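First residue of the sequence shown? That's 1094 in this note's numbering, and the numbers climb one at a time after it.
Check each hint, because a few of them may be wrong.
Here are the computed distance ranges between Cβ atoms for each label pair [as the list claims (entries may be wrong)]:
1) H1173 x L1210: 28 to 36 Å
2) H1172 x S1197: 18 to 26 Å
3) I1166 x E1192: 29 to 37 Å
4) R1216 x P1146: 17 to 25 Å
5) G1177 x S1213: 28 to 36 Å
6) G1189 x A1155: 18 to 26 Å
7) R1214 x E1098: 34 to 42 Å
8) G1100 x H1173: 29 to 37 Å
9) G1165 x E1192: 32 to 40 Å
10) H1172 x S1215: 29 to 37 Å
11) H1172 x G1100: 23 to 31 Å
It is worth saying that the hints were derived from the structure and are not from the lab. Values in this document were obtained by computation on a predicted structure and should not be read as measured data. All residues carry an ideal CB built from backbone N, CA and C; glycine is no exception.
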Amino acid sequence: MPCPECGLATHRHRTLDFDGVTTYRANAGPDPTRIDGASGEPAGDKMWIALVPGDFPARYFADDEIYHLAGGIAWPGQHHRDYGTAKIAHHACCTGRHETRPDSSTGAAELWQAMRLRRSRSRQIP
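Build out the structure end to end from the sequences listed, making use of the hints.
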């Protein structure tokens, strides 16, 4: 699904909230899968997260920028079986959200630059 802010492809996954103790609970309303018909975006920001397609070295990103997928759910942090790679939250490096290169992590800054170049090249192709 394309990002509404920059237009690049993202993978959207449901997320669960950590309650601060030991359990995860669904961060959802009565119908957690409802999508807003006008925008095509999920109704709740917190229960869906857009991830950049692919796997990236987790060490280059801030802790709140990395996720892993388990059972189709996006979980915060890196999975112990992913051997140093992680999924990256699109909002960390979205060129539509960040006018200048983000400084939250080296990885986010590099991804932002790559996505900016990709967008400029795609506009040049007739």
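Hint by hint, here is what the structure shows:
no. : hint                      : verdict
1   : H1173 x L1210: 28 to 36 Å : holds, 33 Å
2   : H1172 x S1197: 18 to 26 Å : holds, 21 Å
3   : I1166 x E1192: 29 to 37 Å : holds, 32 Å
4   : R1216 x P1146: 17 to 25 Å : holds, 20 Å
5   : G1177 x S1213: 28 to 36 Å : holds, 31 Å
6   : G1189 x A1155: 18 to 26 Å : holds, 20 Å
7   : R1214 x E1098: 34 to 42 Å : violated, 19 Å
8   : G1100 x H1173: 29 to 37 Å : holds, 35 Å
9   : G1165 x E1192: 32 to 40 Å : holds, 33 Å
10  : H1172 x S1215: 29 to 37 Å : holds, 32 Å
11  : H1172 x G1100: 23 to 31 Å : holds, 29 Å
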